[in-house]
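Make a model of the complete structure from these sequences and hints.
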Amino acid sequence: MTLSPTTMAAVRASGAIPNAEYLLAAEGVRKEFPGVVALDDVEFKLKRGTVHALMGENGAGKSTLMKILAGIYHPDKGSVKLRGVDIQLKSPLDALENGIAMIHQELNLMPFMTVAENIWIRREPKNRFGFVDHREMRRMTAKLFERLKIHLDPDIEVRHLSVANRQMVEIAKAVSYESDVLIMDEPTSALTEREVAHLFEIIRDLRSQGIGIVYITHKMNELFEIADEFSVFRDGKYIGTHASSDVTRDDIIRMMVGREITQMFPKEEVPIGDVVLSVKNLTLDGVFHDVSFDVRAGEILGLAGLVGSGRSNVAETLFGVTPASSGTISIDGKEIVIDTPNTAIRNRMAFLTEDRKDTGCLLILDILENMQIAVLQDRFVKGGFVSEKEVTAACDDMSRKLRVKTPNLHERIENLSGGNQQKVLIGRWLLTNPRILILDEPTRGIDVGAKAEIHRLVTELARNGVAVIMISSEMPEVLGMSDRIMVMHEGRVTGFLDRAEATQIKVMELAAR
Amino acid sequence: MDTNIAAQGTTSPLAGTRRRMPPEFNIFLVLIGIALVYEILGWIFVGQSFLMNSQRLTIMILQVSVIGIIAVGVTQVIITGGIDLSSGSVVGMTAMFSASVAQASTWPRALYPSLTDLPAIVPIGLGVGIGLVAGFINGSLIARTKIPPFIATLGMMVSARGISKWYTKGQPVSGLTEQFNFIGTGIWPVVVFLVVAFIFHIALRYTRYGKFTYAIGANVQAARVSGINVEAHLVKVYAIAGMLAGLAGVVTAARAQTAQAGMGVMYELDAIAATVIGGTSLTGGVGRVTGTVIGTVILGVMTSGFTFLRVDAYYQEIVKGMIIVAAVVADVYRQKGRKKA
Numbered sequence: 001m002t003l004s005p006t007t008m009a010a011v012r013a014s015g016a017i018p019n020a021e022y023l024l025a026a027e028g029v030r031k032e033f034p035g036v037v038a039l040d041d042v043e044f045k046l047k048r049g050t051v052h053a054l055m056g057e058n059g060a061g062k063s064t065l066m067k068i069l070a071g072i073y074h075p076d077k078g079s080v081k082l083r084g085v086d087i088q089l090k091s092p093l094d095a096l097e098n099g100i101a102m103i104h105q106e107l108n109l110m111p112f113m114t115v116a117e118n119i120w121i122r123r124e125p126k127n128r129f130g131f132v133d134h135r136e137m138r139r140m141t142a143k144l145f146e147r148l149k150i151h152l153d154p155d156i157e158v159r160h161l162s163v164a165n166r167q168m169v170e171i172a173k174a175v176s177y178e179s180d181v182l183i184m185d186e187p188t189s190a191l192t193e194r195e196v197a198h199l200f201e202i203i204r205d206l207r208s209q210g211i212g213i214v215y216i217t218h219k220m221n222e223l224f225e226i227a228d229e230f231s232v233f234r235d236g237k238y239i240g241t242h243a244s245s246d247v248t249r250d251d252i253i254r255m256m257v258g259r260e261i262t263q264m265f266p267k268e269e270v271p272i273g274d275v276v277l278s279v280k281n282l283t284l285d286g287v288f289h290d291v292s293f294d295v296r297a298g299e300i301l302g303l304a305g306l307v308g309s310g311r312s313n314v315a316e317t318l319f320g321v322t323p324a325s326s327g328t329i330s331i332d333g334k335e336i337v338i339d340t341p342n343t344a345i346r347n348r349m350a351f352l353t354e355d356r357k358d359t360g361c362l363l364i365l366d367i368l369e370n371m372q373i374a375v376l377q378d379r380f381v382k383g384g385f386v387s388e389k390e391v392t393a394a395c396d397d398m399s400r401k402l403r404v405k406t407p408n409l410h411e412r413i414e415n416l417s418g419g420n421q422q423k424v425l426i427g428r429w430l431l432t433n434p435r436i437l438i439l440d441e442p443t444r445g446i447d448v449g450a451k452a453e454i455h456r457l458v459t460e461l462a463r464n465g466v467a468v469i470m471i472s473s474e475m476p477e478v479l480g481m482s483d484r485i486m487v488m489h490e491g492r493v494t495g496f497l498d499r500a501e502a503t504q505i506k507v508m509e510l511a512a513r
Numbered sequence: 001m002d003t004n005i006a007a008q009g010t011t012s013p014l015a016g017t018r019r020r021m022p023p024e025f026n027i028f029l030v031l032i033g034i035a036l037v038y039e040i041l042g043w044i045f046v047g048q049s050f051l052m053n054s055q056r057l058t059i060m061i062l063q064v065s066v067i068g069i070i071a072v073g074v075t076q077v078i079i080t081g082g083i084d085l086s087s088g089s090v091v092g093m094t095a096m097f098s099a100s101v102a103q104a105s106t107w108p109r110a111l112y113p114s115l116t117d118l119p120a121i122v123p124i125g126l127g128v129g130i131g132l133v134a135g136f137i138n139g140s141l142i143a144r145t146k147i148p149p150f151i152a153t154l155g156m157m158v159s160a161r162g163i164s165k166w167y168t169k170g171q172p173v174s175g176l177t178e179q180f181n182f183i184g185t186g187i188w189p190v191v192v193f194l195v196v197a198f199i200f201h202i203a204l205r206y207t208r209y210g211k212f213t214y215a216i217g218a219n220v221q222a223a224r225v226s227g228i229n230v231e232a233h234l235v236k237v238y239a240i241a242g243m244l245a246g247l248a249g250v251v252t253a254a255r256a257q258t259a260q261a262g263m264g265v266m267y268e269l270d271a272i273a274a275t276v277i278g279g280t281s282l283t284g285g286v287g288r289v290t291g292t293v294i295g296t297v298i299l300g301v302m303t304s305g306f307t308f309l310r311v312d313a314y315y316q317e318i319v320k321g322m323i324i325v326a327a328v329v330a331d332v333y334r335q336k337g338r339k340k341a
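Quick note, the sequences are listed as chains Z and W, same order.
Residue 371 in this note's numbering is what sits at position 371 of the first sequence, and the numbering runs on without skipping anything.
Residue 273 in this note's numbering is what sits at position 273 of the second sequence, and the numbering runs on without skipping anything.
Possibly wrong hints are sitting among the right ones.
Derived pair list, reagent style DSSO-like, types lysine-lysine, alpha-carbon separation capped at 27 Å [stated by the list, open to error]:
(1) LYS357/Z <-> LYS334/Z
(2) LYS334/Z <-> LYS280/Z
(3) LYS146/W <-> LYS382/Z
(4) LYS357/Z <-> LYS146/W
(5) LYS219/Z <-> LYS506/Z
(6) LYS67/Z <-> LYS357/Z
Cβ-Cβ distance ranges computed for the label pairs, FRET-style [as the list claims (entries may be wrong)]:
(7) GLY33/W <-> PRO125/Z: 51 to 61 Å
(8) PHE131/Z <-> VAL133/W: 50 to 60 Å
(9) VAL191/W <-> ASP358/Z: 57 to 67 Å
Think of the hints as simulated: they come from the structure by calculation, not from any bench.
No residue lacks a Cβ here, since even glycine has one placed at the ideal position from N, Cα and C.
In structure tokens, the structure reads:
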């Protein structure tokens with residue numbers, strides 16, 4: 001039996017919902033993009049009242065499957081059944097009306113409208129004159145928030161909210177559609193530990209109400225904490241579904257990569273040289289204060305702290321993106337004023353920014369243009385003209401060395417997976433031959449395989465005498481890679497830990513205070 | 001995501017390099033298509049060939065070469081993600097200033113009665129220089145004060161037009177020297193256009209200036225972090241656009257052998273239209289001078305074809321408006337298609 005989505009929506013409204021074993025079941029799903037098979041004969045089955053995690057490296061096909069379930073893409077082959085009924089979703093709105101809501105990584109709220117207006121948009125309660133009934137809308141929002149244990153003012157404009165609170169609003173909006181299925185795409189990537197705990201509380205609550213939750217994540221510990229079941233995908237193929245209580249971390253990694261990862265953090269002891277970068281009392285008014293530290297050649301200094309502790313701001317100030325209000329920066333004992341990124345580059349610094357899309361990639365340009373843009377400041381240019389041949393050869397070499405997966409260098413960077421984009425951006429900086437390398441979340445949102453490659457690369461750079469500053473929210477990464485860890489809390493340095501003494505607990509104590 | 005890509009990638013990133021069709025190819029086909037339609041309609045309604053008439057083709061290309069010179073500058077501005085509305089007014093202003101020092105000594109002159117005949121390089125240099133200054137002001141305003149390019153150049157558009165009227169209190173400037181008029185005669189405006197196009201085609205594709213221009217248009221934040229001095233670069237780009245508008249003003253005056261304060265009205269829109277028709281994206285980061293040259297010729301063919309078919313001037317404007325919108329719609333679809341791929 002195939003029902004049109006509108007009929008299905010009507011069936012839902014009537015309350016005569018068919019009872020099926022699975023809330024949502026996709027079978028034999030295939031999706032091709034020009035030149036790419038994104039999904040090949042994939043299946044996915046979601047039981048009611050469960051949290052089901054989708055696991056896989058970037059480019060494994062998770063996002064494509066999720067977008068098919070949310071009505072954004074249409075499968076080329078295969079069926080999607082909602083409560084045992086075949087459905088063909090035409091649009092995200094269609095999906096929403098059928099009870100499938102998706103919460104995107106980039107949140108889709110209107111910043112200048114209030115929380116209540118955002119939730120009830122398109123469905124605002126009207127008074128008898130046909131105008132929006134704000135009082136009723138506020139009441140509905142309050143009721144919804146009470147059910148979800150969310151503590152937010154319905155009348156506040158969304159732009160004043162933190163990322164975590166915006167996420168709560170998105171979830172409330174999804175629930176307000178009486179959705180049966182909630183799809184969450186890496187919901188914790190920008191949240192602090194406490195916010196994550198609150199989110200999980202809400203998720204558990206929704207689960208107990210019979211809602212099925214599709215949960216996409218790269219974080220293994222979240223999988224064990226929140227997911228009942230998980231499905232693994234690799235290279236567009238379905239690998240398998242298991243209960244998360246039945247497996248270990250290593251099992252999952254093996255399923256995801258199809259090989260054993262022998263060593264996640266290939267940290268080597270390398271000879272530590274002289275102080276290269278010395279920072280004294282660096283301050284950016286209102287953001288961070290009195291930050292002082294040294295980094296030596298061959299040393300990896302980890303920068304830990306919760307989101308909002310000022311870690312990334314320190315990095316931006318070091319690199320001249322937001323020049324310091326006071327304090328000094330010295331390289332090789334010589335004090336220099338870094339007021340633009342250009343000055344930083346001329347002093348052989350490099351900065352891999354936190355946000356690939358916003359401050360890293362030139363999305364519509366190709367790999368070649370992305371890789372060469374920083375090095376053109378002082379190399380491969382004669383009389384204003386770029387020596388195409390030489391710079392292309394250098395980029396080609398670099399992308400081979402970094403194992404960028406692409407048919408050729410003329411591929412647009414937006415068509416690459418996150419891990420490959422990151423490799424191109426790292427290549428951009430390595431071409432400048434830096435002595436000081438600042439990495440801000442170098443492995444965020446990239447797959448396990450690419451992660452290990454980047455870790456190996458950082459180790460190699462340190463061995464060659466590069467001074468590395470690495471910011472990371474992933475505790476195992478900081479602990480595994482750093483020689484020393486500097487911990488920040490609310491704009492101040494709260495302590496340094498040596499590799500030998502550093503533990504997750506000690507770092508957390510300094511970071512959370 | 002893709003097993004094919006992965007398999008190829010393990011050999012060499014350059015191994016799979018294939019020559020793609022240049023992006024101008026589609027626009028070129030559109031040009032051919034439009035010309036053929038006129039050719040057929042010509043035989044049906046006018047009883048003669050549209051294309052087999054070298055005189056018509058010469059006039060057609062002459063008419064648009066001034067627009068073309070401006071459009072080469074506008075292309076660079078739009079690649080950075082900006083816009084320049086001032087070029088038409090800058091044409092009027094620079095036409096007036098250059099003509100005022102190009103008047104022959106035999107002519108009864110209102111402005112500088114005691115001036116002897118100057119070599120043509122002086123009025124030409126003055127016109128180009130004033131254009132450069134206007135562009136420099138545009139660029140500085142945009143880069144330093146962060147006001148939107150739309151507003152900065154709108155201000156310049158109104159002020160420059162005011163200056164050209166104020167300069168002679170609205171009087172035209174005539175009686176220009178033979179030497180000055182020379183660059184407006186015969187095929188010279190076309191030569192100037194093509195030389196300018198060639199220079200900036202090379203500059204955009206093969207120089208650091210060009211690479212940085214695209215990088216800023218693609219992602220200004222990333223460009224800044226990569227060490228590009230975005231502010232200084234934008235000043236450069238707008239100054240070049242102003243300079244080219246100044247050159248266009250000089251050519252306009254020389255062609256008309258006179259200058260009037262109303263010269264160049266709406267030229268900025270024609271130049272933007274030629275640029276957009278030529279495939280330059282208003283969102284920045286995409287575009288080439290070759291496309292703009294073809295876009296300019298398309299504008300010329302359309303106008304010339306309408307006149308040839310004796311279509312009313314009113315209809316010409318109506319259709320021109322629609323074609324500009326269609327070009328932008330096509331651009332939007334191109335962007336969309338790219339994202340899905």
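key: Numbers of the earlier hints that this structure fails to satisfy, in rising order   = Of the numbered hints given earlier, those the structure breaks are 1, 3 and 9, listed in rising order.
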